[in-house]
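S.K.: Each chain is listed here by its residues.
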Amino acid sequence: MAQTRDDRYFASDPSQRQMARTLYAQVKDLPLICPHGHVDPRLLSAEHYNWGSPVDLLIIPDHYVFRMLYSQGIHLEDLGIPRRDGGATEKDHRKIWQTVCDHWYLFRGTPTSLWLRDELRDIFGIEQKMTSANAQTIYDALAERLQQPAFQPRRLFERFKIEVLATTDAATSRLEEHQKLRDSDWHGRVIPTFRPDAVVNIQPGFAEQIRLLSEVSEIDVSDYRTYLTALEQRRRFFREMGATATDHAALSAYTGRLSAHEAEAIFQRAMKDGASAEDARRFTGHMLIEMARMSVEDGLVMQIHIGSSRDHNPDLLARFGRDMGADIPTASEFTHNLKPLLDLFGSDPRLSLIVFNLDETTYSRELAPLAGHYPALRLGPPWWFFDSVLGMRRYFDTTVETAGIYNTAGFNDDTRAYPSIPARHDVWRRVSSDWLARQVVEGIIDEEDANEMIVDLAYRLAKQSYKLEG
Amino acid sequence: MAQTRDDRYFASDPSQRQMARTLYAQVKDLPLICPHGHVDPRLLSAEHYNWGSPVDLLIIPDHYVFRMLYSQGIHLEDLGIPRRDGGATEKDHRKIWQTVCDHWYLFRGTPTSLWLRDELRDIFGIEQKMTSANAQTIYDALAERLQQPAFQPRRLFERFKIEVLATTDAATSRLEEHQKLRDSDWHGRVIPTFRPDAVVNIQPGFAEQIRLLSEVSEIDVSDYRTYLTALEQRRRFFREMGATATDHAALSAYTGRLSAHEAEAIFQRAMKDGASAEDARRFTGHMLIEMARMSVEDGLVMQIHIGSSRDHNPDLLARFGRDMGADIPTASEFTHNLKPLLDLFGSDPRLSLIVFNLDETTYSRELAPLAGHYPALRLGPPWWFFDSVLGMRRYFDTTVETAGIYNTAGFNDDTRAYPSIPARHDVWRRVSSDWLARQVVEGIIDEEDANEMIVDLAYRLAKQSYKLEG
Amino acid sequence: MAQTRDDRYFASDPSQRQMARTLYAQVKDLPLICPHGHVDPRLLSAEHYNWGSPVDLLIIPDHYVFRMLYSQGIHLEDLGIPRRDGGATEKDHRKIWQTVCDHWYLFRGTPTSLWLRDELRDIFGIEQKMTSANAQTIYDALAERLQQPAFQPRRLFERFKIEVLATTDAATSRLEEHQKLRDSDWHGRVIPTFRPDAVVNIQPGFAEQIRLLSEVSEIDVSDYRTYLTALEQRRRFFREMGATATDHAALSAYTGRLSAHEAEAIFQRAMKDGASAEDARRFTGHMLIEMARMSVEDGLVMQIHIGSSRDHNPDLLARFGRDMGADIPTASEFTHNLKPLLDLFGSDPRLSLIVFNLDETTYSRELAPLAGHYPALRLGPPWWFFDSVLGMRRYFDTTVETAGIYNTAGFNDDTRAYPSIPARHDVWRRVSSDWLARQVVEGIIDEEDANEMIVDLAYRLAKQSYKLEG
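Protein chains in written order, with numbering that gives the first Met the number 0: chain A, 0 to 469; chain B, 0 to 469; chain C, 0 to 469.
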């Protein structure tokens with residue numbers, strides 16, 4: 000009655016399931032295109048990488064995991080998350096692992112449980128379920144595997160069939176790990192992504208970030224004009240190092256042009272820590288337009304990630320810092336907010352702007368209609384909380400009828416959890432297969448079309464949208 | 000495994016599909032009620048209508064088609080869309096058709112692909128798929144059919160079993176085509192709809208529109224009072240010409256009463272091109288209430304279409320004009336916005352107010368609760384981007400539990416693409432059948448109820464909501 | 000083909016249905032936990048309760064029923080709803096019942112129709128459908144049953160297997176009915192809930208409410224300080240009377256701390272009927288934080304019900320008063336609005352804050368991410384318009400992947416219609432079984448997990464979330 004493992008995430012209906020199997024078979028072994036994510040390049044630049052313990056690998060870096068445990072009253076200290084003040088945290092990783100397994104039932108029905116189940120099984124060969132009873136056995140098995148050469152990041156890269164992996168890097172990064180990779184005799188394609196948030200979004204420490212920008216660009220950034228020049232220089236450097244894309248995060252999708260005079264004035268205030276919140280909002284909105292202009296000129300694909308209210312829990316921020324699972328989505332607006340940018344570049348064939356968002360209501364109402372009209376616009380795949388079986392189905396349900404699939408950017412895993420990469424792509428490929436299968440059995444598309452579309456969704460669209468064909 | 004054509008848009012589950020077939024069989028051949036749409040009355044007033052080429056018929060007037068092609072970088076000039084400045088556009092319709100077919104894969108999964116597939120097959124007898132290879136063969140077949148008397152608009156009207164077709168007409172129209180129709184010996188029921196947007200929504204050219212209003216009404220419109228009198232005169236004229244409804248488009252559902260003094264002041268400013276955006280917003284909000292008041296008095300059903308941000312792409316507007324596929328939805332609000340109007344007329348049995356919107360979130364949150372309470376309010380069918388298989392399912396899913404189906408206005412096709420009318424109604428009838436079938440097989444309604452409901456959805460509700468029984 | 004009664008609300012797919020049956024079998028006979036609702040305690044405090052007629056039981060108190068009839072032009076007077084001015088209303092309950100049955104088709108597809116069908120069948124043994132023809136026969140059967148001792152509220156309480164039932168009571172209530180219950184020799188567990196809206200939300204009559212508060216608390220409430228003391232006293236009293244929870248309704252989820260000085264100033268203005276709407280909004284936002292603080296101290300679970308724009312129809316309010324089916328949801332926001340409260344108490348293990356809302360878009364975007372992070376926060380079940388088969392499915396679909404089920408509060412029926420309680424729980428148990436069954440057959444969870452989860456959803460989560468284990 001219950002699903003076999005091979006058919007997971009496929010509908011129970013026999014016709015749909017059979018069709019989903021057929022479609023999935025065509026893509027399950029295709030190489031992985033990973034054009035956006037947060038894998039640490041040191042994993043791959045290191046000849047020999049030390050994974051640490053299973054907890055170092057799977058728990059401490061994964062805010063999906065510890066946010067849920069936190070929500071049920073488990074302290075981050077007890078999960079070994081390092082405190083900013085260096086205060087005491089649990090050091091016994093076996094004990095942490097036991098705590099996680101004791102509470103693993105919390106993850107029932109979540110994508111985290113699917114990814115980890117697949118990782119354990121497919122990568123580490125562990126078939127057991129994470130339970131209190133199994134905790135130490137699983138820990139042992141994992142710890143043992145992590146020592147083996149076959150589990151070194153580069154070996155996994157090959158085993159995962161990653162065709163290209165993009166990291167995300169600060170605009171001020173010297174990309175030293177990427178340089179090491181280029182200098183090495185290993186030939187996996189790992190490329191940087193230009194992420195200038197820290198030098199574009201005005202917040203405490205901005206002046207220090209600009210100082211860093213001066214330093215790495217070797218351009219004395221003293222005003223708005225030299226600031227732009229330095230950014231252009233960094234983009235050039237990133238391109239030389241293989242980047243094909245930029246990435247920008249903002250709370251809202253607001254765009255709006257400032258006069259050169261206004262931009263200069265806000266920049267100067269920001270350098271003296273005197274910019275207001277409204278200054279910051281307007282500056283970011285202006286710089287998104289400037290970044291689009293630079294993309295038109297240098298060809299870097301532009302990504303924007305909109306709608307996360309970061310660091311919602313001030314106590315956690317104070318004790319542990321950023322990215323601690325306390326980022327909460329907010330309602331977003333694109334129709335009015337993106338208009339100033341689109342007025343300038345929306346129909347420019349040189350711009351490719353990929354939009355990610357955390358407000359699902361904008362898909363059918365704003366983003367699919369926008370992407371179904373403007374040549375420059377593409378919809379990014381479902382992001383973060385929506386990178387899930389049901390999230391993907393809703394994404395297809397609310398975008399394809401208006402925008403088709405050819406105004407989307409395929410899939411990207413957006414993960415910092417390196418071993419979860421194959422599992423995440425597999426969920427996408429399975430859900431895509433199942434969604435197309437339903438379209439076929441309901442007579443909306445025919446099999447011939449579905450056969451094309453599944454390869455587009457699983458592989459081609461990402462490659463093409465991020466200009467990775469080269 | 001895949002769906003047969005006869006079962007399209009029905010669930011794959013055998014029980015549900017069987018029930019859907021049974022329900023659909025009861026309505027598939029019922030006459031079509033077309034109470035709202037944008038068919039050009041000249042098609043039907045002309046004794047002999049010249050369709051032009053297949054591109055004139057299917058591409059140039061259809062913004063659903065060219066918006067998608069535009070989104071992938073195809074210039075509207077290359078699709079033969081006429082420029083406002085008379086600049087060069089592609090004149091070779093065979094070449095245009097080839098371009099469309101070369102890119103037809105873009106429409107996979109969209110309602111446009113379903114409609115056109117059905118039109119080719121059911122109206123023109125063309126079973127082939129639109130592909131690069133088939134393009135010229137299909138063009139030939141279409142061109143040949145369009146010359147035949149059987150494909151004349153009046154013959155199609157009869158073949159489609161259209162019981163009544165409402166056009167949409169400017170308040171200043173003299174309805175000359177409708178007069179021709181009344182004077183002809185052809186007896187298809189074609190009626191006008193009173194659409195006063197151009198004389199109600201203050202925008203550039205308003206004074207000229209009011210001059211036209213004076214002219215056609217033979218009332219010297221010099222102030223707010225004569226303006227209302229002229230509008231009442233036009234409504235009377237439209238009613239005499241068979242109209243049963245009005246139609247109003249607005250960006251927001253804002254309603255709010257102005258004092259006579261304020262209304263006069265704004266009107267006068269507007270006549271001198273001196274009205275502000277806020278003036279315009281308040282005037283439209285006031286006039287929606289005035290129009291409701293007039294509907295209470297003269298019995299015309301009132302339609303409002305809310306939420307489209309028109310002409311989002313200024314470059315396209317400048318080159319090609321309005322309705323070029325660059326209209327983008329925005330978030331809408333009804334609970335507060337409609338309250339002033341509903342306070343006055345929401346429980347008046349003489350008012351019938353049908354609401355259309357482009358923000359699906361308002362269905363479960365605002366519109367179904369409002370329609371499930373106020374006697375005057377009815378939900379229009381899913382509009383524009385949501386006139387689709389999945390759009391309709393979401394509409395039923397989010398409205399029926401709160402409002403039932405008897406506070407809805409059934410279906411209307413809202414199309415300017417005359418030959419797509421049967422296909423659009425067929426999608427609705429099929430999706431309705433399938434949705435009710437699911438309700439039956441899940442034990443929510445019984446077959447007896449479903450048998451009533453399917454006829455209501457496919458035929459009776461539209462006829463009754465638009466007072467077309469006469 | 001159609002569903003048998005035993006399988007209602009289960010998917011038609013045979014695998015999913017079989018699994019749903021298996022899961023449902025484990026919970027269908029579990030006791031009912033009713034931690035939030037509006038049952039009149041007099042039903043149960045009375046040794047012998049007089050139900051009145053079938054119309055007194057099923058129509059006059061049920062705004063779900065009469066709102067729909069009103070929406071189709073039936074006057075509330077004709078349904079026997081009492082007018083505030085004592086004006087004439089229909090007194091012939093047989094005639095009212097006939098009117099209801101004549102229009103029962105309006106409820107096709109609504110939860111009201113499901114609940115009433117189940118009530119008639121399971122409680123009163125009436126298998127007939129409510130139709131014009133059957134109206135009087137059903138009336139006779141109901142009237143006859145209502146006279147029987149077996150249909151007395153206390154006997155139904157036992158027959159329904161209610162383990163605990165919470166009523167909702169004004170902060171100024173002396174809980175006399177609850178005292179009677181405690182003094183009686185009947186041992187059903189009926190507990191009060193502290194609902195201080197009338198003494199917290201500033202509106203006309205506030206001073207009178209505060210006077211009442213002084214009277215029942217025996218604390219002379221003359222300023223903000225004594226006001227807080229009196230509220231604390233009432234909470235203590237409610238706890239002594241068995242309460243485990245409070246409940247708060249507000250249009251928005253706005254929270255924000257006032258200085259003691261500001262709170263005092265607004266309080267004094269309110270006492271003199273001089274508070275503005277903005278005063279009221281800020282005072283409610285402040286008091287929600289104060290109430291959270293008190294919950295931290297006294298352990299009462301805190302419920303908030305957000306988003307209903309009450310009494311939308313002024314004419315109905317004037318003629319019939321509140322709760323007349325004219326409450327309309329509005330868009331809600333939680334990420335920013337709850338932050339001030341969560342900054343203070345969101346991670347406090349002593350607080351349990353259960354959130355209900357009427358804007359489904361907030362589930363995936365705000366509430367599930369918030370509940371999946373903050374220890375204090377739990378999601379209430381789908382409320383009001385969404386306490387329905389499809390509403391529950393959407394709730395699971397949009398919350399579980401992010402928050403899991405262990406950050407939810409299980410089910411509560413929230414009803415004033417006492418005999419509908421079992422039907423409402425049964426819908427939840429069936430839809431939960433079916434939803435989990437789908438997760439199993441699609442390979443997302445395994446059967447072992449589903450077996451735990453169904454009991455959690457049907458029984459344990461509500462008991463634990465409302466601290467009813469004692």
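There may be inaccurate statements among the hints.
Which copy is meant is left open, so a pair is good if it fits within one copy or across any two.
As the list claims (entries may be wrong) - In silico DSSO-like pairs for lysine-lysine, Cα to Cα no more than 30 Å straight-line:
1) Lys-128 to Lys-462
2) Lys-27 to Lys-128
3) Lys-90 to Lys-179
4) Lys-160 to Lys-271
5) Lys-466 to Lys-160
6) Lys-90 to Lys-271
7) Lys-94 to Lys-338
8) Lys-90 to Lys-338
9) Lys-466 to Lys-27
10) Lys-462 to Lys-271
11) Lys-94 to Lys-27
12) Lys-179 to Lys-94
Keep in mind the hints are simulated off the structure, nothing from the lab.
S.K.: The structure should be examined with respect to each hint, and the outcome stated for every one.
M.R.: Comparing the hints with the structure gives:
1. Lys-128 to Lys-462: Between copies only: 28 Å across chains, 35 Å inside a chain, cut-off 30 Å.
2. Lys-27 to Lys-128: both (24 Å within a copy, 29 Å between copies)
3. Lys-90 to Lys-179: Answer is neither: 32 Å inside a copy and 57 Å across each miss the 30 Å cutoff.
4. Lys-160 to Lys-271: neither (49 Å within a copy, 69 Å between copies)
5. Lys-466 to Lys-160: within (19 Å within a copy, 51 Å between copies)
6. Lys-90 to Lys-271: Neither way: Lys-90 and Lys-271 sit 41 Å apart in one copy and 61 Å across, limit 30 Å.
7. Lys-94 to Lys-338: neither (53 Å within a copy, 33 Å between copies)
8. Lys-90 to Lys-338: neither (51 Å within a copy, 32 Å between copies)
9. Lys-466 to Lys-27: within (22 Å within a copy, 48 Å between copies)
10. Lys-462 to Lys-271: neither (42 Å within a copy, 56 Å between copies)
11. Lys-94 to Lys-27: Neither: 37 Å inside a chain and 39 Å across chains, both beyond 30 Å.
12. Lys-179 to Lys-94: neither (37 Å within a copy, 53 Å between copies)
When the structure is compared with the earlier hints, violations turn up for hints 3, 4, 6, 7, 8, 10, 11, 12 and for no others.
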